[in-house]
Structures are given as C-alpha cells and as structure tokens.
Amino acid sequence: MKKNANIPARYLQILDKYLLLNHPLLWASGLHKLIFNLTWVTAINLLLAYFLPVGIEAFHDIDAFLLYFSILGALSFLLWGIFQSLMSYRKSNGITGRFFFFKMFSIFYVAVLLIIISEFIPFNILRQRCIKTLIDPKIPALQVKPFRDRISYHKIYLDTTQSFYDKSFEKAFDSLSNFASEHSDAQHSFRTTSREKLSDLQMAVKILQNVGMGVSSYSIDEKRHIIKAKMGYVNKKTSKPAGFFLIYYKNFKESIIVPELYKRDVILRKITLKDSLGNEMPPFTFYYYHAPNPSIYKYASSNTIQADLLADSLLSTDQADRSIERLNRLDKQLENIQSSTEVSYIAPVFVLLGCLMLFLVLFMVTYSTDLSAILTTFVVLIPTVVIVTFFKEKFSTTNLPVWLLLLLIIMAMGISYFLTSTNFRNFRKNTCILVLAYFSMASCVALFCKFEPGILDMDINLRAVPSMAIITDISAIVLGLYIIPCFYASRIEKLSYLPLESIS
Amino acid sequence: MKTEDQFTQDLASWKTELETDFTAAYDGFYRFVDDYALDPQLSFRALFLGSQLTDFLRDAQGLLLNEKELKELQAEAFSIIEALALQHGAKKTQPNPSIQHTFNTKKSYSAVFKAENITTSVSNFSIKPISFELRLGEITSIVGKNGNGKSTLLGIIAGNRGITSGEATYPELSNNHNWKKLKEQIAYISPVLPEVSIHLSIKKDLQFMAAMKGIRSTANEKAVSYIIARMGLNKYENSPATILSSGYKLRFELARQLVWSPKLLIMDEPLANIDIKAQKLLLNDLRNLTNSLRTPISIVLSSQHLYEIENISDNLIYLENGEAKYNGKVTDIFMTTNSFSFLLEADCSILTLRNALLPLSTDIIELKEELSEKIIQTNNKVSANLLLSTIIAANIPVRHFRDISNSSRIFFENEKKRQYTS
Numbered sequence: 063m064k065k066n067a068n069i070p071a072r073y074l075q076i077l078d079k080y081l082l083l084n085h086p087l088l089w090a091s092g093l094h095k096l097i098f099n100l101t102w103v104t105a106i107n108l109l110l111a112y113f114l115p116v117g118i119e120a121f122h123d124i125d126a127f128l129l130y131f132s133i134l135g136a137l138s139f140l141l142w143g144i145f146q147s148l149m150s151y152r153k154s155n156g157i158t159g160r161f162f163f164f165k166m167f168s169i170f171y172v173a174v175l176l177i178i179i180s181e182f183i184p185f186n187i188l189r190q191r192c193i194k195t196l197i198d199p200k201i202p203a204l205q206v207k208p209f210r211d212r213i214s215y216h217k218i219y220l221d222t223t224q225s226f227y228d229k230s231f232e233k234a235f236d237s238l239s240n241f242a243s244e245h246s247d248a249q250h251s252f253r254t255t256s257r258e259k260l261s262d263l264q265m266a267v268k269i270l271q272n273v274g275m276g277v278s279s280y281s282i283d284e285k286r287h288i289i290k291a292k293m294g295y296v297n298k299k300t301s302k303p304a305g306f307f308l309i310y311y312k313n314f315k316e317s318i319i320v321p322e323l324y325k326r327d328v329i330l331r332k333i334t335l336k337d338s339l340g341n342e343m344p345p346f347t348f349y350y351y352h353a354p355n356p357s358i359y360k361y362a363s364s365n366t367i368q369a370d371l372l373a374d375s376l377l378s379t380d381q382a383d384r385s386i387e388r389l390n391r392l393d394k395q396l397e398n399i400q401s402s403t404e405v406s407y408i409a410p411v412f413v414l415l416g417c418l419m420l421f422l423v424l425f426m427v428t429y430s431t432d433l434s435a436i437l438t439t440f441v442v443l444i445p446t447v448v449i450v451t452f453f454k455e456k457f458s459t460t461n462l463p464v465w466l467l468l469l470l471i472i473m474a475m476g477i478s479y480f481l482t483s484t485n486f487r488n489f490r491k492n493t494c495i496l497v498l499a500y501f502s503m504a505s506c507v508a509l510f511c512k513f514e515p516g517i518l519d520m521d522i523n524l525r526a527v528p529s530m531a532i533i534t535d536i537s538a539i540v541l542g543l544y545i546i547p548c549f550y551a552s553r554i555e556k557l558s559y560l561p562l563e564s565i566s
Numbered sequence: 090m091k092t093e094d095q096f097t098q099d100l101a102s103w104k105t106e107l108e109t110d111f112t113a114a115y116d117g118f119y120r121f122v123d124d125y126a127l128d129p130q131l132s133f134r135a136l137f138l139g140s141q142l143t144d145f146l147r148d149a150q151g152l153l154l155n156e157k158e159l160k161e162l163q164a165e166a167f168s169i170i171e172a173l174a175l176q177h178g179a180k181k182t183q184p185n186p187s188i189q190h191t192f193n194t195k196k197s198y199s200a201v202f203k204a205e206n207i208t209t210s211v212s213n214f215s216i217k218p219i220s221f222e223l224r225l226g227e228i229t230s231i232v233g234k235n236g237n238g239k240s241t242l243l244g245i246i247a248g249n250r251g252i253t254s255g256e257a258t259y260p261e262l263s264n265n266h267n268w269k270k271l272k273e274q275i276a277y278i279s280p281v282l283p284e285v286s287i288h289l290s291i292k293k294d295l296q297f298m299a300a301m302k303g304i305r306s307t308a309n310e311k312a313v314s315y316i317i318a319r320m321g322l323n324k325y326e327n328s329p330a331t332i333l334s335s336g337y338k339l340r341f342e343l344a345r346q347l348v349w350s351p352k353l354l355i356m357d358e359p360l361a362n363i364d365i366k367a368q369k370l371l372l373n374d375l376r377n378l379t380n381s382l383r384t385p386i387s388i389v390l391s392s393q394h395l396y397e398i399e400n401i402s403d404n405l406i407y408l409e410n411g412e413a414k415y416n417g418k419v420t421d422i423f424m425t426t427n428s429f430s431f432l433l434e435a436d437c438s439i440l441t442l443r444n445a446l447l448p449l450s451t452d453i454i455e456l457k458e459e460l461s462e463k464i465i466q467t468n469n470k471v472s473a474n475l476l477l478s479t480i481i482a483a484n485i486p487v488r489h490f491r492d493i494s495n496s497s498r499i500f501f502e503n504e505k506k507r508q509y510t511s
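If you read the sequences in order, they're chains A and B.
Residues 63 to 566, numbered by the working numbering, are exactly what the first sequence covers, in order.
Residues 90 to 511, numbered by the working numbering, are exactly what the second sequence covers, in order.
A hint or two may mislead.
[To be verified] If the Cβ cut is set under 10 Å, some of the chain A residues that face chain B in the computed set are: (1) Leu82; (2) Leu83; (3) Pro86; (4) Ser150; (5) Tyr151; (6) Ile157; (7) Phe161; (8) Lys165; (9) Leu560.
[To be verified] Taking lysine to aspartate or glutamate and the EDC-like style, the derived pairs with C-alpha atoms no more than 16 Å apart in a straight line are: (10) B:Lys270 - A:Asp78; (11) B:Lys272 - A:Glu555; (12) A:Lys79 - B:Glu310; (13) B:Lys269 - A:Glu555; (14) B:Lys157 - B:Asp124; (15) A:Lys153 - B:Glu284; (16) B:Lys203 - B:Glu261; (17) B:Lys293 - A:Asp78; (18) B:Lys292 - A:Asp78.
[Unchecked claim] Computed Cβ-Cβ distance ranges for the label pairs, DEER-style: (19) A:Ile76 - B:Lys418: 48 to 56 Å; (20) A:Ala71 - B:Ser212: 41 to 49 Å; (21) B:Ile287 - A:Tyr130: 51 to 59 Å.
I should point out that these hints are in silico values taken from the structure, not numbers from a laboratory.
In this text, a Cβ means the ideal position worked out from N, Cα and C, and glycines have one as well.
The shape of chain B in the complex, shown without the other chains (with noise of 0.2 Å):
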C-alpha cells in the first residue's frame, strides 16, 4: 500500500507524464486511476476520456492530437487527479471503505461454474477428468495447442456440450436443470462472430439485446449507455454495426454480451482478429469489467496469445490432448518447474551465447535454440536482471528478451521435451 506522499507524488509525475505525452501516458494513467479510484464513477471517467482520446487519433488518423483536443483531454484528465487526490484525502476520515472488502469475500466464494473431473468425447478425441471453478471477478484462461481441447472445454461450460462423466453444476445461476433457463444467463462470443443488422444502429441493437434479458424502460437506457461509452462506441452509436471494423466488432459483440451484465462470459479466441492495439484496449477492459463491483463477472477465455492474456488472468489451464497439464494460479505457474526460464531473440549463434553465459554456467540448467529463439533454463539463484546484463556485457545485440518462468510458454517447451524424449 503506497503511503501518502507516495501517492502525492504519484499523482505529480502522472500530471507531468500528461502534459508532456498524453497519449503515451494515458495507458498507464488510467490503469493507476482504476486502482486507486474509491468512486467507481471516477474510473469511468478516465475509461471514458480513454474513448475520446481514441475517437480524437482516429479523426486524426493516427497522428498528434490538435491544440484544442489535447487541452480539452488535459483540463478532464486533471479534474480526475484532483478528483482523486479528494478522495484520497477524504479517505482517512473513513474507516471502514467495505465494499471492497465485502467484493472480495464475495469474489473469494461464488463459483459461477464448478465442475468436478469432468470428462467428455468428440470422435477420436476426449477430455480427461478436469475439475476447477470459475469464480466472480476472476479471469480464466485455457491454453494448448490446437485441437487439444480449448474450445471442447470452453463448450462444455457454455452447456453446448455434454460431459461424459463428472459433475458440472452452476451454483450461482439459477434454474440449474434447466438447459434453456441457463443459457440464457451465460453470454457466449464465438472466434465467428455472427452476422450484424443491416438496418438497426448498434445502439437501438444493445437497447433490443437488453430489453431481450429483462432490463427495460430507464435501466435499459441507463446500461446502453454505459456499455457504449465503456466500449469506446460512442462514435458509432447511430450507425449499423456493418461499418464497423473486425476489432470494432468484437468490441460490439462484447458490449451486446455485457450490457445485459452476464455472470458468465466465455470467449473461444477473442484476440484472433484484432490488432494489437486493439488487443491491449480488449485485455485491458476484461479486467476492469471483472473488477467491477457493480456487476462481477466470471470470464474464461481461450486465445494463443500467451503473455497477453497471462498478464489479466488469475487462473490458467493448460491443456495437451485433452488433459490438464497445469490448472490453478497464473502466479503458481512458476512453482512447476522451480526454476527460471528466459526467452531471447538475438543476432547470434548459440555457441557464442553459451560462451557469453559462461560466468552463469554453474547456475544454467539447460540452453536451446528453436527456430530464431532461444530459451535459457536457470536455477532460481538467477535473475532476469543478472542474465541480461551477463549477455550485454558480452556485445551479444538482444532484440527481444521476456522473463516466461512465470508464463504457460514453459509448457510448450517442456511439451516438445515430452515429445523428443519418448
């Protein structure tokens, strides 16, 4: 926990960081509202001025903001660190800030989907028994290669699927034995997203979808409105969602699933058509919608884009053949192996790394090159710090250097180690 003068200067060098480039800074400055926002509204505002800024660069294509734009997202982006530095003064006079607190236990407790060593069969293809829990405000990832049984799983819980043993049982939805009656409660985007109308707007779209679910009158105006400056649609409410671009459409199709406030939302490889801008806004708004304390969520997605999704998810599971070869926390990953893994792109052989990692080698367990990667295995007395400076130390040019001991990427390497092995 920051102490206060630490978050007055936090709140300082965020104003510089503005001033001097807003929109390399915005990123980061509303990730630090969200946090230390105690009025959820508050954070909304810096999601929402997220949505102008974009608005703006797409009016620019891409290029510097005008005078009056950038001045205007300043004086907003200001009012929200003064808005912030009241809160946080006003803090200490409040003792008991609970809501969080009662979010957490809650979160802590209510599965959305439990299932106990599940099994199913596709063909020539079966899941084996798998048990974990989806819980509200939690991210869950399934992980593997293709065709080792993310989507089947990913069907399973959607109830498109049956089990062929174990147990599967909603314990936070309600009408448990009714198919239709659950369904209806668990939001589902598909990687084919389905075909958008031609002649509704996206708003009177998200207006239809929640008066569908049972949210009418005021509240149904109130949730599009919401949904729709929280998705960064703004722009193109009053036009078809036709026009929209394949990432704009994902973000639709996620709005169309959330303005009705699902407790449950399953995405079978959501980052598959976007842009990696788009990609990061995506991850990013999964978060915060899951650390909402309006309307938690229980969201599990599967994607092949390992570190993004690692980097907001609480679970992961990974899944080769069928079988779960690690199902529990992302931060526990690394406790598998108990050593460290590094991945590098550099422009040099792998002898001559060897011999740059020389001063290491007592510590390196294994070295090995894959296609133009090559990753180190260390025990845990190396760090990341250590080992690169070892390697700039040695004139090697590094273009690319991730710390993956704590990533799902070991699996895969270990997969193929499985694989050369037998």
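This is chain A alone, in the form it adopts within the complex (with noise of 0.2 Å):
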C-alpha cells in the first residue's frame, strides 16, 4: 500500500532525472514539480468547490474563500519562484541560444497560468455555485444596487428597533413574526401591497411613480392607433395624487412565468411606448410576485425582481425560533450574498501582479549585474521614456500603468545595481534589491489606482459580457509583460558579457 501510495513521486523522479539530464531549462523552471503539486492542490480545491454545501439557507462567505484561493496561489507562486533556477543560466554562464528569453518567459507564464487555473477555477466553480442558488435564469440579472437596497431596509429596522432586542421585549417581537413583508412594505413605498391583481391602470401608476418616464407630451392626433389611457401620478414622497399624465401604449403583455429557484408564480407585464412622435421607446416590464408570508402579491421592476424574490425567500425560509437568532443569521447571510455577488478580482490580480513584477525586477538585476549603473538606466530609461512620452496617445489610459510599471522595473534595476555596485554587498544587496522590489510594486498600484479612479469601487454586473475593452487590456498587459521584457533582458545579457572597458 505503501509503495502504491509513492508511485507518483518515483514517477516523478524520473521525469525529474530525465529533464534534468536532457532538457536542463526545463528542469531549472520545475513545471514538473509545479504541475505535480498543483494537481493535489486542485485536487483538494475541486473538492471543495463541487461537494462544499450551498444552498439559499446557508451561503458562504465567499470573500473569505477569495481570500483563501489568493493566498493559496501567491504562497504557490512563492515557492515554485525559490525552487525555480531559472536564474542559473546567467551565474554560471550557461549555453542560452537564440530563443532562450522567449523559453524562459514562455515558461514563466505557463507556471502563473498554472497557478492561476489552479486556484480560481476552484474559486470560480465554488461562487458559480452560490450564484445558481440565488440567480433565477428566468428573469433579469440580480442588480447589485437595487439588492443592497433591499437589503439595507433590514439594517434600518435593525437600528431602529434595538429594544426588541432586549429580552423583556423579547416576546412581543416574536409575536411580529411576520414583519418581514410588512415592514418591507413600510420601509418602501415602492414595495406596495394588494391582495388581488392590480388593473393597468395601477400599474402605469406605479411605473411612473418609481421612474419617472418623462412620458407626458404624447400627441394624440399623430398616433391614433396607440390606445390612450389616463394616467393618474402619485408624489413618492407624500403619497398623495400629484397630477395627471397621458400614456399611450401599443402594446401590453401580460404572461405567467415561473422562475426555476423561487418556484413561485411571477406574472409579467410588458408595454411597448412610443413617444409623441412616434419613436419607439425601449419595451418596459414590470413584475408581480406572489410573497409567501403573507400571501400576497407584490410589484418590482425588472431591476428588483431578483433581489425582491431572494430577500423574501431568505425571510420565509429562516427557521430559528428565537426573533434574535433569527435576525443575526439573516444578517449574516444577506452580506455573505452580497460579496458572492460582487466579488472584485482587484485584490487578487495586484498579488499576480505584484508577483510578475518581483520576478522581472529579480530577473532584470540578475542580468544587469556586470554592468555599471548609469549604463544600464541610459540603455534601458531612454528608449522606455521616448515610448511612453512620443507613443503614448495611441494608447489608452488603462494601458499607461503597464508602461509606467515596465518604466518602474527597469529604473528599479538600474537603482539598485548603483547601491549594491561597490559598498552594499551580500545582505544589504539583497535587502536593496527586496526593498526596491517592494516599493516599485507599491509604487505601481498607487499609480494603477491614480490612473483607474474608479477601480476600486467598481460593481461587476453578474451578467457582465467581457467587453473589447478587456481583452485589449488584457492583450497590453500580455505584450507589456512578454515582448518588452524579452527584448530588454536580450539586450541586458548582450552588454553584460562585453569586457567593462570596451562599454564605458
């Protein structure tokens, strides 16, 4: 059994020794070894993802998750950059040949591609997970903003009923048990209820209540064929009758659907406007959802239907019998759904980031070692500051950052070859080097977040079709970390094997 249970790592002694002997830059990346503990690794993370419990009861913290995954990969990353002897082949003066630097980086960012699949695929399957227990495909995408709206009321009345929370009062609020609906009907005069179907006309109240159309110049005459109906309006505010407006609609549709996740009847109205002159406007679609507890309908638009329906459901299905219990879990669980629905990748892409850079800037020192400092800022600053100063219109700002880290690394090694040139050997060299290496990092996502202002509090739409945007940063970031990089690290190696005095 025991034998059994090594056969993999003889296996991988093979391949090892096989590497070793005939393919040395290979081995000195140590895929291999990278590949062998990553598949235990995804191993254990895929089990995680696909048997891991989720369901609209109980949802995880998926930030935690998030979190778990990141450090996984940067602790992979970690370690696969101290085993790795990439570096060996300028120390000891190895044979490269024409293509080494494409090999080497190639190699590079086939590990952190490894690294990656590894760890946010799992994370990936894991939030797809929570995100099909909570997203119904039958109707329109969960919006963020209308949810954390929904789920604010329940904050709200958390504050402002902290003496049920006392337990002498604790009775008389259990006897509240339904204030789930009612007091979401208080809080939001929106969320208005009726115990039987509302009649168009309500409708088209409501709709102008909670959006305003701006539908109040139709011409009758131009468009006879539309058919008319008087509108009444209602002010938000004081829910009083504020006037009246006109509204023609062509055409008005009412089905039945019934979403696969809340399995609860969801009649659907939709109305095709036209305007006074007779443009079309964008079909508008309203919703009326049976609310479980009580048993009543209420309205949403096609913005709120998904987080009406979520909140309302983890309302109905909570189980605990004591009001406290139950209030602190659905606290819980309403801000666990909302980091499952607005996980931002920023984090995680900075700690990549950061890892490429501390490669580049290892890298970058290691080849430009026997060079003299003002040399190699003036062979690799100059042509980098012309680029960016003469080029820079044809890219877009999102592309700057990359050149301006490219800028970063390259003066970094310039920096640091001065400091650790005569004086500042071994230890304090190798604190320079991790120093500068730190703050060029540091230095670049304060530049990357004064670049990309809004990045930070980005909301990712769910539904969110990756746009051209993305792929051409994505493709900049790509060529800025392969193409430069390689043609700098080629021109480095060449001047580092020149005699000193033939280069000064």
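Using the hints, put the two chains back together into the complex; each one sits in its own frame.
Structure, rendered in structure tokens:
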C-alpha cells in the first residue's frame, strides 16, 4: 500500500532526472514539480468547490474563499520562485541560444497560468454554485445596487428597533413574526401590497412613481392607433396625487413565468411605448410575484425582481425559533450574499501583478549585475521614456500604467545595481533589491489606482459580458510583460558579457 | 627513461612502502602511477583510491585507518601495481604508443589564449605591454605582490576587462568575436566563490551545470560520475554543497567548472582559503588535469603561494606595478640571474652565518637577513648540498632551508633591492 502511494513520486523522480539530463531549461523551471504539487492542491480545491454545501439557507462568505485561494496562489508562486533555477543560466554562463528569453518567459507565464488555473477555477466553480442558488435564469439579472437597497431595509430595521433585542421585549417581538413583508412595505413605498391583481391603470401609476419616465407630451392626433389611457401620478414622498399624465401603450402583454429557483408565480407585464413623435421607446417590463408570507402579490421592476424574490425567500425560509438568532443569522446571510454577488478581482490581480513584477525585477537585476549603473539606466531607460512620451496617445489610459510599470521596473534595476555595486554586498544587497522591488510594486499599485480612479469601487454585474476594452487591456498587459522584457533581457544579457572598459 | 629493471624495482619498493605506511606513501605512489600508467583508467583508479583514503581518514578523524579499510586499500593498490607491471610488459610489443606523442604535439602548438602587446588602464593603474600564450596542457602562474595587476590580467584573459591596445585572441575557442559565446567556453573561478544552492545536491548541481553547457543524457551522467570521483566528492554527492568546508567548496566549484571540459580554466587566488593538505591535493589535481589526454586544458592561476604553484606550473609571469618583470618558463627563472639563491631559517645571527660560510666566501655574492629569513646568493659553483653541509658543519641549527634559485621568490628580493637603490 505504501509502495503504491509512492508511485506518483517515483514517476516524478524519473521525469525529474530525464529533464535534468536532457532539457535543463525545463528542469530549471521546475514546471514538472509545480504541476505535480498543483495537481494535489487543485484536487482538494475542486472537492471543496464541488461538495461544499451551498443553499439559500446557508451562504458561505465568498470573500474568505477568495482570500484563501489568493493566498494559496501567492504561496504557490513564492515557493515556485524560490525553488526554480532559471537565473542560474546567467550566473553560470550557460549556453542559452537565440530564443532563450522567449522560452524562459513562456515558461514563467505558463507557471503563472497554472497557478491561476489551480486556484481561481475552483474558486469560480464555488462562486458559480453560490450564484446559481441566487440568480434565476428566467428573470432579469440580479442587480447589485437595488439588492443592496433591499437588504439595507433590514439593517435600518435593526437600527430602529434595538429595544426589541432586549429580553423583556423578545416575546413581543416574536409576535411580529410577519414583520418581513409588512416592514418591507413600510420602508419602501414602491413595494405596495395588494391582495388582488392590480389593474393596468394602477400598474402604470406605479411605473411613473418609480422611474419617472418623462412620457408627458404624447400627441393623440399623430398616433391614433396607440391605445390611450389617462394615468394618475402620485407623489412618491407624500403619497398624494400630484397630477395626471398621458401615456400611450401600443402593446400590452401579460404572461406568467415560474422561476426555477423560487418556484412562485411571477406575472410579467410588458408595455411598449411610443413618444409623441411616434418613436418607439425601450419596452418597459414590470413584475408581480406571489410573496409567501403573507400571501400577497408584490410589485417589482425588472431591476429589483431578483432582489425581491431573494430577500423574501430568505425571510420566509429562516426557521430559527428565537427572534434574536433569526435576525443575526439573517444579517450574516445577507452580507454573504452581497459578497457573493460583488466579488472584486482587484486584490488577486494586484497579488499576481506583484509576483510578476518581483520576478521581473529580480530577473533584470541578475542580468545586469555586470553592467555599470549609469549605462544600465541609459540603455534601458531612454528608449522606455521615449516610447511612453511619444507614443502614449496610441494607448488608452488603461494601458499607460503598464508602461509606467515597466519604467519603474527598469529604474529599480538601475538603482539597485548602483546601490549594490561597490559598498553594499550580500545581506545589504539582497535587502536593497527586495525593498526596491516592493517599493516599485507599491508605486505601481498607487499609479494604477491614480489612472484608474474608479477601479476600486466598481460594481461587477454578474451577467456582464467581457467587453472589447477588457480584451485590449489583457493583450496590452501580456504584450507589456512578455515582448518588452524579452527585448530588454536579451539586450542587457548581450551587454553584460562585454568587457567592462569596452562599454564605458 | 627508466630501464625495465629499474621500473620493476620501483614497483617492488612501492609495494613495501604501501605495506609499511599506506597514508604516507599514497601521494608518491599516485604520482608514480600517473607518470607511468599507459592507460588513463589506471591513473583514474589510483586517483579514486586517494579519494577513498581521504574519506576513511575523515571518518577516523585523522587517526589511523582500521585494519579492514587498510587491507581494502592495499588490495586495490597492489592490483594497480600488477596492472602497471602488466602494461609495461605489454609495452614492449607495442612499438608506437602514439597518443602521448600526438598530445604532446598538439599541446605544443595549440594556444587557447594569445596576447600580443596588450595593455589596459584601471583608474590609477595600468598593465604595461605584455605578450604571452596559454597553451593546452600547460599551467601558467601569475605572481606578484598585492595590487600589481594579477587579477586585472586574469580579468583580461577571462574577457571581463577590455584592453586599450594590443591584440587578445582565443585561437582554440570558437566564435572569437562574440563575447557571450566566448565566455560560455571559459571557466573562471573567482576568489569569492559563488553562493551554492541550499536545495540542490552536489550531484544534481553538477548534472545541471553539465547540461547547461550542452552535455546531455548518458554523457552527462558519465562526466559527472567521473568528476565526482576525481575531486573526491563521492561521500557528499547527495548532500547540498552548503555542508562542505571551504576547501571542499573550492573542489566543488572546480568540479562545476571542469565537468563540462573547458579548454581554459582561470583561477584567481585558489589557495587563499584552504589548508596545506587541501592545497597539495588541489595542485596535484590541477597538474593531472592539464596532463589529461582525453580533455586537455590550459590553466592560468594567480597565487601568493609561490613554491606550491611553481611546482606544478610550466610558465610564470611575475608582475610588478603592472609590468611583466618575468614572463617565461618556470625552469628558466634561474637564467635571469645566472646565480644560485638559497633561503635559510636558522637560530643564528647573520654574523655567525657569515663566519660559518667563510670557506665559501669567494663564491658568495650576497648575504642578507630580512625578518627571520636569511638569503644567500652565490655564484653557480656552489650547490645546495655543499652550502647546507657547510652550515651544518658549523653547528648552526637549521630550521628551514630552500633552494630558491629557480623560484620567483628571487624577483621579490630583486624588487626590494631596486626599491632600496632607488
């Protein structure tokens, strides 16, 4: 049994020896060991992602999982970085060949890709499982902002009813067990209740209340084929009639859909409007759904339907006996749901960018140690400055930080050599390199944020399709971190082999 | 050349010596085998025997070998002696052992590095025009006081420093105009040894080095096994190099550089950090490596250990303020002065010594004392034997006596003289 358990390790040893003796670059990269180790890590992660119970009653804190996967990824990268020997080619004057740097950087990016795959694919599987329990494919996507509004009612309620948490009031509070719908309606005037299906007129009034469509100047004479109706407008704040507007709807369709997740009737009403000039406006859809407790129909717009269904489901499915527990658990669940739907990849992206830059800085420093600081700086800095200065119009602001990032790496390389050239050796040298590497990383993050001011606050729509801009950005980053480093590395390597006086 | 009888007698005497004191006799025995072995494999066996001896001694912490180990070593040594005897018996039937001849011919003409009137300047210091060749199968030593240009000259040979005039070429190396390709073919061991890997075993490190240099597959394994045995690293082959002592670290670095069979090996102060025994072993190794028929190499090294490196060197360059005061064969140093020089350490005053040497006063050119050493310069009629017997006859207790007539040490003395006269 023990022998069987060692079989993969023995195969790894055979492969390791084969690569060492026949393909030293691949062996130095340690890709085979990385793949071997990542296989186990990925298997565990996949088990976690597939078998961790996920349901509407219990949502996991997805931020914690993101942190877990990010740390695991960074750790894998760090360990791989320590145990790879790619830099030895320079230190030992190994025979490199013409396409050495392309091979080297390719290996590096393959390693990064493998780490990303092993960590973030299981994470996304888990996240998708969470999302599938939240988002119904038959109705419009879950909008984060309206959802936040929905759940905020709960928090407001908690704030305003702190006294109910006292033991003396607990019993009284329990008697208000249907607080969910009632207080929901009280907090949000637009979630008015009705025990019957609402008439068309009432629906239109709600639409106008909610969104203020601005359809006030239709011409009856010009568009007679449109059905005409007089709509009442109610002031949202005061709940008093504020006047009348005319609305013309050409088509009025009503259908019933049964969402897969919530299994409740949702009445869908769609109206296609035309303005006074007869131009068709975007269709307007609104929903009524059957709330479980009490059995009433509630109104929702296409922006809020998912959020309403979800919030009501959560309130009705919680089975805790004590109100205080119920509220606490609900509060926690709501937070988790919010984080599940609002995952931001900024932190992992920065971690990976940091790893990439650390590698590049160390790589550049290793390859430039035979050069003088001034020469290094001039040879690599001037062309970079020229590129950034004269060609920046060709790149969008999104791409600019990539260039600045490169600039910083190269500057760090030159400065670090300057500091480590004569007086700073061993410990000081290594410390200097690390400090500079981290400084350059921090500077890049700062620059990144400066040029992309909204990036840290951005909301990610769960159904958003990657736009061309994202693809362009990724291409620019890949090009910036692949082609340019290869070019500079080969130039620096060539220069580093020249006798010192010949280049001064 | 020894006669057959003499050779047989020598073999018998080595057998006796190895039986009497194996540890003391091994060194001479190895050199004897190396000199007279016609098959390099035999030489390798003798070398490997030394590696085993070192291992056993280390296990015994420098004390006596145990009986079992001693018998094992002696059996192997006697087997080598028998093989040697057999080879020389068979030699008579082989009229043309031309490998050595071919090698010697090649060695005479193949210059790995050729310098013609090269000069260079480094801030306030410069190397004056100098011409020399580094040939395959030869060891060239660069000596001189600190700050006189030894490392600079080695830097030029290694391609790390440029020249301001003259011409430096590498006739035996390919891609003479591409520094990157050239440096890939030059082995350089600096005084500060590179950091060693903490997670790579010595064997893997050597295999990686050989693979990086284009030696792949089974050739790689063979080359690494050979160099590990040759450098006496067998015991540590599966351990990381971090556990090695500084002497063994140097051996390991040497193994790293030699495993890919470079044609040019440059060593800057290799003896600086190793003990006297390790120095001797290393220098013996270097001499044997340059004599290798399979992979001839040219070695150039700098050191302050004059006598030690002169013993193994073919050529010597003595630098003084960047100028080559001597640049030629070690055996020809004597011709620069045409006199004999001797170094003496004895518990007596210079006056006592002068009186003791009165019988030779007509042949003595100069007698001087510096620190605790006395230098005696004579004309070429006075041999070392005669001088020493005269001193001993005068009851002077001699602690150390050395004939430095053919040593670069005389240049150091001459330099002082020039300084005093100027």
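To see whether the hints hold, each was checked on the structure:
1. Against a cut-off of 10 Å between C-beta atoms, the interface hint on A:Leu82 holds, since the closest Cβ of chain B lies about 5 Å away.
2. The beta carbon of A:Leu83 is positioned within 10 Å of a beta carbon in chain B (closest approach about 5 Å), and the interface hint is therefore held.
3. Annotation: A:Pro86 was flagged as interfacial toward chain B, and the flag holds, the nearest CB pair being 4 Å apart, inside 10 Å.
4. A hinted interface residue such as A:Ser150 counts as satisfied when its beta carbon comes closer than 10 Å to some beta carbon of chain B; here the least separation is about 7 Å, so the hint holds.
5. Among the interface hints, the one on A:Tyr151 holds; its C-beta lies about 6 Å from the nearest C-beta in chain B, closer than the 10 Å criterion.
6. At a threshold of 10 Å, the smallest CB-CB gap from A:Ile157 to chain B is about 5 Å, leaving the interface hint in force.
7. Interface restraint check for A:Phe161: the shortest CB-CB distance to chain B comes to about 14 Å, outside 10 Å, so the restraint is violated.
8. Against a cut-off of 10 Å between C-beta atoms, the interface hint on A:Lys165 is violated, since the closest Cβ of chain B lies about 13 Å away.
9. A hinted interface residue such as A:Leu560 counts as satisfied when its beta carbon comes closer than 10 Å to some beta carbon of chain B; here the least separation is about 6 Å, so the hint holds.
10. For the hint linking B:Lys270 to A:Asp78, the alpha-carbon distance of about 28 Å lies beyond 16 Å, and the restraint is violated.
11. Between B:Lys272 and A:Glu555 the CA atoms are separated by roughly 12 Å; this keeps the pair inside 16 Å, and the hint holds.
12. Simply put, A:Lys79 and B:Glu310 have alpha-carbon atoms about 10 Å apart, close enough for the 16 Å limit, and the pair holds.
13. Restraint check for B:Lys269 and A:Glu555: the C-alpha separation of about 8 Å stays at or below 16 Å, so the hint holds.
14. Only pairs whose Cα atoms come within 16 Å are accepted, and B:Lys157 paired with B:Asp124 is rejected, the gap being roughly 29 Å.
15. For the proposed pair A:Lys153 and B:Glu284, the alpha carbon gap of about 10 Å is at most 16 Å, so the pair holds.
16. The straight-line distance between the Cα atoms of B:Lys203 and B:Glu261 is roughly 10 Å, inside the 16 Å bound, and the hint therefore holds.
17. Proximity of B:Lys293 to A:Asp78 is assessed by CA-CA distance (about 10 Å); at most 16 Å being required, the pair is judged to hold.
18. Between B:Lys292 and A:Asp78 the alpha-carbon distance is near 13 Å, which keeps this suggested pair within the 16 Å criterion.
19. Evaluation of the 48 to 56 Å hint for A:Ile76 and B:Lys418 yields a pass: the beta carbon distance comes to about 53 Å.
20. Against the hinted window of 41 to 49 Å, the Cβ-Cβ separation of A:Ala71 and B:Ser212 comes to about 56 Å, which falls outside the hint.
21. Here the CB-CB span from B:Ile287 to A:Tyr130 is close to 29 Å, at odds with the stated 51 to 59 Å.
Comparing the model with each numbered hint stated earlier shows that hints 7, 8, 10, 14, 20 and 21 do not hold.
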